[in-house]
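Participant: Note that the protein sequences, when read in sequence, are chains A and B. Sequential numbering of the first sequence, starting at 859, is according to the numbering used here. Sequential numbering of the second sequence, starting at 2, is according to the numbering used here.
Keep in mind that the hints were calculated from the coordinates and are not lab data. Keep in mind that a hint or two might mislead.
Claimed, not checked - The calculated DSS-like cross-link candidates involving lysine-lysine, where the alpha carbons are at most 25 Å apart (straight line), are:
| id | chain 1 | residue 1 | chain 2 | residue 2 |
| --- | --- | --- | --- | --- |
| 1 | A | Lys940 | A | Lys904 |
| 2 | B | Lys247 | A | Lys940 |
| 3 | A | Lys1040 | A | Lys1100 |
| 4 | A | Lys904 | A | Lys1197 |
| 5 | A | Lys1215 | A | Lys907 |
| 6 | A | Lys1276 | B | Lys67 |
| 7 | A | Lys1017 | A | Lys1215 |
| 8 | A | Lys1197 | A | Lys1215 |
| 9 | B | Lys67 | A | Lys1274 |
| 10 | A | Lys1017 | A | Lys1040 |
| 11 | A | Lys907 | A | Lys1197 |
| 12 | B | Lys67 | A | Lys940 |
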Amino acid sequence: MPHAINRRSFLVVSGLSLAGSPILSACSDRAGAAVSLRMLTYDTIKQAKPWRAALAQYHASGGTQVRLDTLPGSGAALFPGKLRTEILGGHSPDIFRIWGGELAAPFIRAGQVENLDTVYANNGWDAVLRTRNVEYLSHAGSKYGVPINATALGIWYRKDFFARCGVDVPRSYDELEHVNEKLVRGGIQPVLGGGKYGWDVMRTFEYLLEVAAGPALHDQLLVGATSWNRPEVVDAFALLKKWGDQRWLPEGVLGIDPTQKQDMLLGGRGAMIFDNQAFEQEIADADDPSVFDTFIPPTGHNPLRFSGYTEGLMIPRATPHRDEAIALLAHLVRPDTQKELGSAYSAVRGVPIDTTKYPLSARWTQWQARHDNYLIQDQAFPPILANAYFDVQSRVLQGDQSPREAAAAMERAMGKWKGIMR
Amino acid sequence: MTAVQNAPEVRTHPPRPKRKGNIGSSSSPWLFAAPGLLVYAAFLVYPALRSAWLSLTSWDGISATKSFVGLENYRAMLGDPVVHTAVLNNLLWIVVTIAVPMVVGLLLAVSLDSSVFARPLLRTVFYAPAVLPLVSVGTIWTWLYDPTNGAVNEALRDIGLGAFAQSWFGDSTTAVWAAMVPACWVRSGFPLLLYLAALQNIPRELYESAQVDGASAWQRFRRITLPSLRSTHYIVAALSVIEAVKVFDLVYAMTNGGPGNSTQVLGTWMFFNVFQFNQAGYGAAIAVLATAVTLAIGIPYVWKQTKD
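Looking at chain A on its own, in the form it has when it is part of the complex (with noise of 0.2 Å):
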């Protein structure tokens, strides 16, 4: 005869069972349930697809189980948030992916980041990592994250344009200018680009800067440790306006859409853009790769600098599995993951580059190695001073300010940064 189970008992079996899930929840979790770590990442879905691979292959070979989460197309204007809305609602990732200086930085300075200078002692990373790429993930003396990308920003152009204009690769600011002129002469945009969202026009301002001010000063002004008030930044202002009057920025740019540009290059419709290494795989799908090159942007200065930045991985202090995501970090940067990983411009020394498939890519990272470079304007400022920074620009570039009242401009903003800042 069956039993029966009335209402009461019911009840007693339903909220004894409530009463203990915690229990047997936290006595299985010490009985030695797997640790498995969540990495969040921004990369596309295409990019995410060898990582996956890579950390698989770890967990196989007796690592812990990571799992990609990726936020594709977010940009640094959107991932940040979701990091800190993750972090900060108690469902922080065990290891992040970030870029570094100030979009890194304000995660740093509220503590939400592991200190990593221990352990960079004790697995000795200081001789593996490049060490521009890590200060651009550090903060106060102090390291926070493990650079995987190297990423300069140089230019890349068409050498078929350049041909029909009888122009060659300028090795001075002023041949550059020259190049420019001839283009346009032979009804070419020399170069393309897009003001939508400030960064794109930064990149050509940033090298101005740096043609203008050189790269001592460029760097006291990056850091507010000199006035932007100066006749060098009234120079570089003074280019940009040149730059966009004489058309070598396209017509409207500061309303075009920045992502149109590697269409727009790959597709003829203007000669020169700045961009990465990552371009380098946009060319392999062109109808005729071979025609694209890439040169550094010649400043007339020694040391012969270009921009450039660095994207890491981070533990945060919320992670309460600490050491497995060292561990992991420790897997990421050996040589030989970084080369199963792919990458064309990796921050590990020493990682070998597929020159068939990357030639260009494998260029620039022999420039690296002789060359310096300074951080991208975007991400030396805070986002606020970026933001005041493209407001400047643009309205230099409309005429609505003359260099000499950009320059005062931005040495307010600085000024006012600072003012937040103490």
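Based on these hints, arrange chain B on the given structure of chain A.
Facilitator: Relative to the frame of chain A, chain B by itself:
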């Protein structure tokens, strides 16, 4: 006097005594409303109060601690030129995106009201933009305005007005106006529907007698149609003002607040401060300002609706 009136009162059951602690009739409406109120309090009232509290703090949005700064964020807003630009843009947005959709919606409604034949089809056609997600609308119009490949410039060139072709979002003087065109396009469908419904409630006899009295079409519109739509004007205007103060999606998708900060509105400047500039306290103060403006307009509207 009827037998019914004289009949003694018959009570079959004695009145039920009130039980101690019984849920009386005065509290039962609250019980019925409780689930909704709970959700409202959790997802609207609490976040709003929390934002108001945050607006009195200096918080980067990441740190565990916040420091109380009183009204400092509100004082800073007074000296922030971008807030001034944003307020002006919001005011401009309110005027244009109320006036244009109201006039267009009214004209379309009057036209459709008299044309019974194609009314369902045309009503759907004109209302269709209103159901599109605003980010999609922004993306579509960004492409239409593209300075090199956009259909707007192409159309201008095709009709011999190539001199007007330009980078619509690349110039501070045109960007905010260009951004308002899609807003008007999207918002004309809503007044159309309300006006159309209201027009159908105006008694036809009024028009017939006016016609018999020799009133022209314009006189009938001015003396009968417009006064009869007074309450609809009010609804459309109040809801449009609230929409215009809240505007975010279109500006964010089309101009991202640029060039520079020339097209910032309170919604986008609040977003940038909270989510990109790590100034959550200051961003919350901007949000409180926008909410206060919305409430100042919304409360009289709700009060009038309740009264009606």
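Participant: Evaluate each hint against the coordinates.
Facilitator: Verification of the hints:
Of the pairs offered as hints, the one joining A:Lys940 and A:Lys904 holds, with about 21 Å between alpha carbons and a cut-off of 25 Å not exceeded. With a CA separation close to 23 Å, the supplied pair B:Lys247 and A:Lys940 stays within the 25 Å bound. Distance restraint check for A:Lys1040 and A:Lys1100: the Cα-Cα separation of roughly 15 Å lies within the 25 Å cut-off, and the hinted pair is therefore satisfied. Distance check on the hinted pair: A:Lys904 and A:Lys1197 sit about 17 Å apart at the alpha-carbon level, within 25 Å; holds.
In summary, the hint linking A:Lys1215 to A:Lys907 is supported, as the alpha carbons are separated by about 17 Å, within the 25 Å threshold. At roughly 19 Å between alpha-carbon atoms, A:Lys1276 and B:Lys67 fall within 25 Å of each other, so this suggested pair holds. A distance of roughly 19 Å separates the Cα atoms of A:Lys1017 and A:Lys1215; the hinted pair therefore holds under the 25 Å criterion. Distance restraint check for A:Lys1197 and A:Lys1215: the Cα-Cα separation of roughly 13 Å lies within the 25 Å cut-off, and the hinted pair is therefore satisfied.
Of the pairs offered as hints, the one joining B:Lys67 and A:Lys1274 holds, with about 21 Å between alpha carbons and a cut-off of 25 Å not exceeded. The suggested pairing of A:Lys1017 with A:Lys1040 holds, with an alpha-carbon distance near 14 Å, which does not exceed 25 Å. Among the hinted pairs, A:Lys907 with A:Lys1197 is consistent with the structure: their alpha-carbon atoms are about 14 Å apart, no more than 25 Å. Between the alpha carbons of B:Lys67 and A:Lys940 the distance comes to roughly 20 Å, so the proposed pair stays at or under 25 Å and holds.
Comparing the model with each earlier hint shows no violations; every hint is respected.
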